[in-house]
Each structure stands twice: as structure tokens, then as C-alpha cells.
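Assemble the complex: chain W is given as a structure, and chain B must be docked to it using the hints.
Listed below are the residues making up each chain.
Number of protein chains: 2
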Amino acid sequence: MSVPRRNEVVLESVRRLLRMGATANLLNLLQKQHPADLAQVFAELRDKDCHAVFNVLVERNGKLAVEALSELGPEKGSMLLADRPAEEIARLVQELPSDDAAGLIDNLPDELSSAVLDLIRPKPGGGVSALLEYEEQTAGRLMNPNVFALPEDLTAGEAITAIQTARDVEMVFYLYVVDQRRHLVGVTSLRRLLLVAPETPLKRIMTTDIYSARVDTDQEEVAREVASYNLLAIPVVDQENKLVGVVTVDDVIDILKDEATEDVFRLAGVSMEDGVLTPPRESLRRRLPWSLVNLLTAFGAAWVVSRFEATITQVVALSFLMPVVAGMGGNAATQTLAVIVRGIALGELTWTNARQALLKEALVGLGNGVALGLVAMIGAWALTGNWALGVILGLAMVINMLIAATAGTLIPLGLRAAKVDPALASSVFITTLTDIFGFLAFLGLATVFLRFLQLGPMS
Amino acid sequence: MSVPRRNEVVLESVRRLLRMGATANLLNLLQKQHPADLAQVFAELRDKDCHAVFNVLVERNGKLAVEALSELGPEKGSMLLADRPAEEIARLVQELPSDDAAGLIDNLPDELSSAVLDLIRPKPGGGVSALLEYEEQTAGRLMNPNVFALPEDLTAGEAITAIQTARDVEMVFYLYVVDQRRHLVGVTSLRRLLLVAPETPLKRIMTTDIYSARVDTDQEEVAREVASYNLLAIPVVDQENKLVGVVTVDDVIDILKDEATEDVFRLAGVSMEDGVLTPPRESLRRRLPWSLVNLLTAFGAAWVVSRFEATITQVVALSFLMPVVAGMGGNAATQTLAVIVRGIALGELTWTNARQALLKEALVGLGNGVALGLVAMIGAWALTGNWALGVILGLAMVINMLIAATAGTLIPLGLRAAKVDPALASSVFITTLTDIFGFLAFLGLATVFLRFLQLGPMS
Numbered sequence: 000m001s002v003p004r005r006n007e008v009v010l011e012s013v014r015r016l017l018r019m020g021a022t023a024n025l026l027n028l029l030q031k032q033h034p035a036d037l038a039q040v041f042a043e044l045r046d047k048d049c050h051a052v053f054n055v056l057v058e059r060n061g062k063l064a065v066e067a068l069s070e071l072g073p074e075k076g077s078m079l080l081a082d083r084p085a086e087e088i089a090r091l092v093q094e095l096p097s098d099d100a101a102g103l104i105d106n107l108p109d110e111l112s113s114a115v116l117d118l119i120r121p122k123p124g125g126g127v128s129a130l131l132e133y134e135e136q137t138a139g140r141l142m143n144p145n146v147f148a149l150p151e152d153l154t155a156g157e158a159i160t161a162i163q164t165a166r167d168v169e170m171v172f173y174l175y176v177v178d179q180r181r182h183l184v185g186v187t188s189l190r191r192l193l194l195v196a197p198e199t200p201l202k203r204i205m206t207t208d209i210y211s212a213r214v215d216t217d218q219e220e221v222a223r224e225v226a227s228y229n230l231l232a233i234p235v236v237d238q239e240n241k242l243v244g245v246v247t248v249d250d251v252i253d254i255l256k257d258e259a260t261e262d263v264f265r266l267a268g269v270s271m272e273d274g275v276l277t278p279p280r281e282s283l284r285r286r287l288p289w290s291l292v293n294l295l296t297a298f299g300a301a302w303v304v305s306r307f308e309a310t311i312t313q314v315v316a317l318s319f320l321m322p323v324v325a326g327m328g329g330n331a332a333t334q335t336l337a338v339i340v341r342g343i344a345l346g347e348l349t350w351t352n353a354r355q356a357l358l359k360e361a362l363v364g365l366g367n368g369v370a371l372g373l374v375a376m377i378g379a380w381a382l383t384g385n386w387a388l389g390v391i392l393g394l395a396m397v398i399n400m401l402i403a404a405t406a407g408t409l410i411p412l413g414l415r416a417a418k419v420d421p422a423l424a425s426s427v428f429i430t431t432l433t434d435i436f437g438f439l440a441f442l443g444l445a446t447v448f449l450r451f452l453q454l455g456p457m458s
Numbered sequence: 000m001s002v003p004r005r006n007e008v009v010l011e012s013v014r015r016l017l018r019m020g021a022t023a024n025l026l027n028l029l030q031k032q033h034p035a036d037l038a039q040v041f042a043e044l045r046d047k048d049c050h051a052v053f054n055v056l057v058e059r060n061g062k063l064a065v066e067a068l069s070e071l072g073p074e075k076g077s078m079l080l081a082d083r084p085a086e087e088i089a090r091l092v093q094e095l096p097s098d099d100a101a102g103l104i105d106n107l108p109d110e111l112s113s114a115v116l117d118l119i120r121p122k123p124g125g126g127v128s129a130l131l132e133y134e135e136q137t138a139g140r141l142m143n144p145n146v147f148a149l150p151e152d153l154t155a156g157e158a159i160t161a162i163q164t165a166r167d168v169e170m171v172f173y174l175y176v177v178d179q180r181r182h183l184v185g186v187t188s189l190r191r192l193l194l195v196a197p198e199t200p201l202k203r204i205m206t207t208d209i210y211s212a213r214v215d216t217d218q219e220e221v222a223r224e225v226a227s228y229n230l231l232a233i234p235v236v237d238q239e240n241k242l243v244g245v246v247t248v249d250d251v252i253d254i255l256k257d258e259a260t261e262d263v264f265r266l267a268g269v270s271m272e273d274g275v276l277t278p279p280r281e282s283l284r285r286r287l288p289w290s291l292v293n294l295l296t297a298f299g300a301a302w303v304v305s306r307f308e309a310t311i312t313q314v315v316a317l318s319f320l321m322p323v324v325a326g327m328g329g330n331a332a333t334q335t336l337a338v339i340v341r342g343i344a345l346g347e348l349t350w351t352n353a354r355q356a357l358l359k360e361a362l363v364g365l366g367n368g369v370a371l372g373l374v375a376m377i378g379a380w381a382l383t384g385n386w387a388l389g390v391i392l393g394l395a396m397v398i399n400m401l402i403a404a405t406a407g408t409l410i411p412l413g414l415r416a417a418k419v420d421p422a423l424a425s426s427v428f429i430t431t432l433t434d435i436f437g438f439l440a441f442l443g444l445a446t447v448f449l450r451f452l453q454l455g456p457m458s
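Sequence lines, in order, name chains W and B. Each residue of the first sequence is one higher than the last, beginning at 0 in numbering that gives the first Met the number 0. Each residue of the second sequence is one higher than the last, beginning at 0 in numbering that gives the first Met the number 0.
Worth double-checking, as some hints may not be accurate.
The list treats identical chains as one, so a pair stands whether inside a single copy or across any two.
Pairs of lysine-lysine residues, derived as DSS-like cross-links and limited to a Cα-Cα distance of at most 30 Å, are as follows [stated by the list, open to error]:
no.	residue 1	residue 2
1	Lys256	Lys75
2	Lys256	Lys418
3	Lys47	Lys256
4	Lys202	Lys62
5	Lys47	Lys31
Note that these hints are calculated values from the structure, not bench results.
The following block holds chain W by itself, in its conformation from the complex (with noise of 0.2 Å):
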């Protein structure tokens, strides 16, 4: 849970060299840096120090710039490169590999983003600019077109001369084997290659089962793919299986946590745009709207409670219990949310076992109403002296907590099949349902039963 002290003593020498207006040795010590430490100095400095920063690097040492935006993430990065000049942003993101530029270029203001690619699109190969042409969340966007790819004629000597005079490669742990048309056909490694005679044919080395990803298919199938079979890389290729780009497994690290972090937040009903850095007027804007939605349903339960005033006229203890049907509702609901929604989202919940699992969380509601609602029964006696309120209490309660139990499995399954994610079934708005049908069966079976909850001594 704790950041690297390090960290934390550079952070602070970087304010102080800032302070002194020391730029030489702010420089010395920005350069001494690992982009992802930059990147954390950029996100913990308030903002005007970060763009003094980012101004003393970027003059003296582009890459390493925009290297550690590149790791602050492509939304956080390009708001420190929005007031430049479009030719100079054109030059700094050509240090990046062509994803990463991508994403950065893609997140800058609409006309500045197009000026960008405008000026980068003369040169030949034009990675960043085709990357932008895949959909977002696709193999396409996020892979690195820079593959390097072995004929499939070649042997095993004439290969390694191959590798030795590449240039610019990024990682060479897998090596890819295509045909003259450059379809995919095998993968071999750089280790394979020197325990066999250099005159073997690639082809007899090579293995030709082969994961692949496809440039239309969604980066969290990706990101599920290559950590399943506990891949470094996944090679990608298009319609015609020609091999155009590799995604590598640091890209998929990315993924599964911004996946983890959507999880989160979707079921608190918190917009993946927020954050602990996000300022407040921007906060307050995203979450707004979701908060009014809640508002209202909020308010469909103060009118569920308002049609039975009568009975909590006669019977006021009644309104002392409302945060217990409620509250335990609303507990229940959130835990088998909990489980239902990262089980679809680590593949363990299927098709096939959805009965199964609904079949389960409803007996543990079962379950956790019954033994729950004696306790509350007790307890309802000790507060109110009256019996008749406990037993209705902890009816209410087995039945909400069936409720919660169902609705917590079913919604996120039906919005799976809708294909929605199943998260947006926020633990929020499930509670909201939670209360509305734990205080219809609460002050319903009160308004049935009136007479024997008017019969027990009042406290």
C-alpha cells in the first residue's frame, strides 16, 4: 500500500530545487529518474510546479518528457501538453512508440490533436495516425505496429543475422514467423534459435499453434487471453491474418487495473474520470447527475413509506425499525453484488453455472435473513417491548433479504446479456431497491397484523 520512500525524498528535492529556481541540478535530478517515477513527481505536484517541471525537461531531454507522460497516462499527459505549440508536440510524441503517441494525441483538444497528426502524417509508415483509425478499446488501438517478424524461408543462422542487424525493436522474446504475404504462421524464440544447427529451417523450429488477437477485438479480451495462458506478448493481426503489431504484456498490466478500478467505481457510482486528483468542480459535475437519479429513487421509498401513515401514526416504533429493513437489506444486496460482479468479471460466472449461482446466493440469503432476523427480532423487542414488532421485523427481513439476494445476481446477469456492464447494477441502486421493497414488507405486514402490534406494551 506504500509508495517507495525514494519517491517521496525526490518529490521533495524537486520542490526545493524549484523553490531555489536551481535548474541545473533540477535537471541532473529529473534525468536520473525512471519515467514512472517522473510521472508520479508530475501527479503529486500542484499544477503550476508541474509545468515548470515539464518545461526544464522538456527543452534539455524531450524523450525522457514525454516518457513520463506517456506512464501518467494519456488523459493526465495530454493536459500538460496542451498549451504547446502543435510542431512542438508533433516532434516529442515522435520519440514515443506509435501506441502511446497515439493515445496522447487522441486526448488533446479536438483542433490541436488533428493540427498534430497533420504534421506527423507525411512521414513514412505513419504508425501513430494509423493506430488513431482502430476503434478505441480494440487490439488495433493498443498494439504496437512496430513488429518485428521473421520470413518463414530463412534458417535458423540466417535468422539470428536477422536480429542483429534489426534496429529499433522493442522486445524480442517472441519472434514471430510469417509468409512472403506477411500472414502469421509460427512463433519461435531467440533461445530456440541458438540451441539448434544454424542451417535448420526456421519452419521445422517454429510453432505453428499460436494465440493471436485480431485488431477489431476488445483490448479486455486481450488483456483476459494473454494473462490466462500467462503470455509475454500476443501477436495481432487483421482481417487477411497478416501480422500488423504486437500488444505486450505491460499494456495488459495497464488494463486489468483500469478494468479493477472500473469495478469499483462503477459499483459505488463513480465515473471512471474521477479521481483523487480530479478537481473538485470537475468531481462534483460527474458525479452530480448519478447522485440525482439516486435522489429520485431515494424518494420513490419516502413515498413507499408515506402511503403507510396510518400504520406508523398508530404504531411510531415502526419508523425506530426502518433503518434495520434497510440497512441489512442493503448489506446483503451489496455482498452478493460484490460476488456476482467480479465473478463475471474473472470469467468464473458462465452461462452454464448461472443457475447454479443464483440458486446459491438466494439459499445464503435465505440463510443470512433467517438467522439475522431472530437477532433483529430480539433486538426489536429490547427497543420497542414489543413482541409482535420482532416477528414481523424479522419477517421483513427474510424476505428482503431474498430480494436483495435475487436482484443482486439477476440484474447484473441481465445486463451482461444486454451487453452492459454488469457493474453499472451499483451497489447504490440496488440498495435503493433494497429499501423500497423492505419497507413495502415491513409496513405491509405491520398494516395486516395492526391489531397484534397494538396489543404489545409500547416502550
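Positioned in the frame of chain W, the structure of chain B alone reads:
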């Protein structure tokens, strides 16, 4: 979100062949699968079928069988092993890398686990038992001790020969260089070896600035380091900086996934051992204690409300609006909590910016409270026809949302300072807190301004 359809087809075929008793065909199908896909099959089959399939596989292809178990995860995997004799388990797990074997053995019932360890220990090397001597969740437990290292006094040519003759080395994309006493001194790559003349000393082409983890480093810190510096593996050293193992990126991915699930589950008050496939009785046993604590706090809220019996008796419409106060406070607290807990997990929230984060959340809470309070004021008037009630509801909401924002920030930060997982400040818990303070504010204000409430016409 969707599991590849291929797996569903395989699963159906497995079920069909199992019913038909077509063992040879079944085995044939199983052997064509990747261990990760087999793990998925095991996860989806009912217990009885699962054991049957595992039996078929273990007799003919023990290695694949345990690899699948290992992919299934040590907890579930060891369940399939637990009814076999220790001798057979010992033989099977020796087919796995030591780290995976250690995971499976460690999760067997205690007696069986030590029996298996005794059978393995005599073997030279004894990798598995050595690993189990490290603390759980450390780099030492996670690493693969079978790490390939090159002596620093070799030349590039000699190093290549050493690689060609090495056996059974997991992966060799990073080549670690050690001195005579096996201290880690540098790192190089196979590609770099190929780019220089064979007589170049290794010392000249190695990088000495190297990221490493110590055996006692927490596994989450290892994961964070590998993820932020985009490493494919990280060497693990002992207290004397001697190279003892390597943690690879596939292990890091598993840790990051578990960590994400942990965040979602803890926020929802669910145990990490719970899941879609957990038996109902087990889930119930794990959720009940937490729910009981929550029931207790819910009765705290009920008690608070009961203190205002006199007020509610006079203005029963107050009870209609209680769900609005509670619901909106809970909503705001859950939002803040998700942002803060995830911010801590991702390293965005540190001690240096904690004050800024608190101020920001408080501002957002205030803004949210004012905006929603105004809308709620109108809603309350519409529902009850009582303007004063609306004003009190609005004021209570502002207060409650400020409390929600403050508690949602300070409690996880406090837990982190106490070195407890911040996600334990579960939304369920904080929601009850906002219930209590919300009711205190709402009913307290109502009691103070009771005479204004009684002025308005009631519905």
C-alpha cells in the same frame, strides 16, 4: 466480459463424453487443451464430474493434470488433490515449478501437507520446502528458485554456450549476472549477447542499475514495482544480495487481479475466500459474522431514531423522509470511499496530498449536499406539502454529505496509517455511520424547529 465460446464447446463435449463413459476420447480432448482452459473446465463442472475428469487425466498425463490445478489456483486446486495418497501427490507436484508446487501443498490439510513435504524433502535442492520457509505473501514465497544466472567473468560467447547447455530454465529474457559468491551484480539480455563480438566480457555489456526485490518484500510491492517499471521479471535476492530466485510477470498479474478483487470484496464486506463457486453453507458462514456486526450498528441507528419518538409522533411525515437522508448520505459516502480506497491502492493518494484530497472531497460533499438538498427540499414539499420540512431535510442533507465525505476520506486514511487495509472501511460500515449522523441531524433539527413544522399544512 465474455468467456471465449471455444471453452463452452469444450465443456459441453467433456460432459457428453463423461456421460458416455468414453474415456479414451475424453482423454484425447483434454490433452489438446491449454492448462488454463482445463482449469476453466474444472471450475465449471459439478464436484463429482470434476473429480471424475481429474481422475482420467491424472492417470495418463499427471503433468497436465497438476498444471491445470495450479492454474485453478492453490485453494481450489488442492481440494481436488486432498483425497489422494501422499505418495501420489508428492509425485504429481514435482512436475510443477517449485513456487506452484509450494502453493498447492500449502493448501492441503495440515497432516497431508507435512506427509507430502517429508516425501519431497529428501530430494536434492528441495526447492519446495525451502520456499515454504518464507512468509506468506512475500517475494520469497512467490519466486521461482530455479533462476538462470551467468558468472560475471564470462565472455559473451561463453555466455551463449552456457545458455545453450542449460536445462529446464523457466524463461531467459533477462540474463542475470552474479559474482563468484552469487551476489547479483548486473543484468543483460540474449539479444545484447548476440549484438557484440563473442570475446566481449559480460561485465562490459551488462546493466548494473538493476531493480530487485528481497525475499521478505511484500508481494504487492513486488507487483507494483514490476508493473510501474514495465518489467517482465524481477530478480529476488536474500539479505546478502545473493540471487535466490525470480518473480515473473505472470505471477504479478495474478497478484494484481487478487488485489482488485480484494478491494471490491472488502468494500462490500465480503471475505476473499467467498466467490461465485463457494458452497452456500461456506458463504453463509463467512458472511454472517460481518452481517451481525452490521445488524448491531443498524440497531444503533434505530436507537437514535427511537430517541426522537416524541417528535415523530407529532410530525409523522418525518419518517417518510428518513430513507432520503440515509440513502443520499450512503450514496455520497460510497462514492468518496471508492475514490479514496482505489487512490491508495494505485499509489495516487499519498501522505503529501492527503490534505488536498480531504479538502477536495469535503468541497464536493458540500456542493453535492447543497445541490441535492435544494432538489430534495422541493421533493419534500411535493410529498408532504410542508415547506419547513423541506428546509430541514435540505439542511440535514448538507450536514450529512459533509460528514460522509469527511468520514469516507479520513477512515480509510486512518486505517492505512494503522497499517490495516483501507478497503476494510467497507461501504456497508460507513453507510451505517452516515445513517446515524444523518438521522441525528434530521430529527435533531426537526425537534429544535418543531413549531415551524407544525405550522405547515400536512398531507
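Next on the checklist: Tell me the hint numbers this structure goes against, listed in increasing order.
Outcome noted: none
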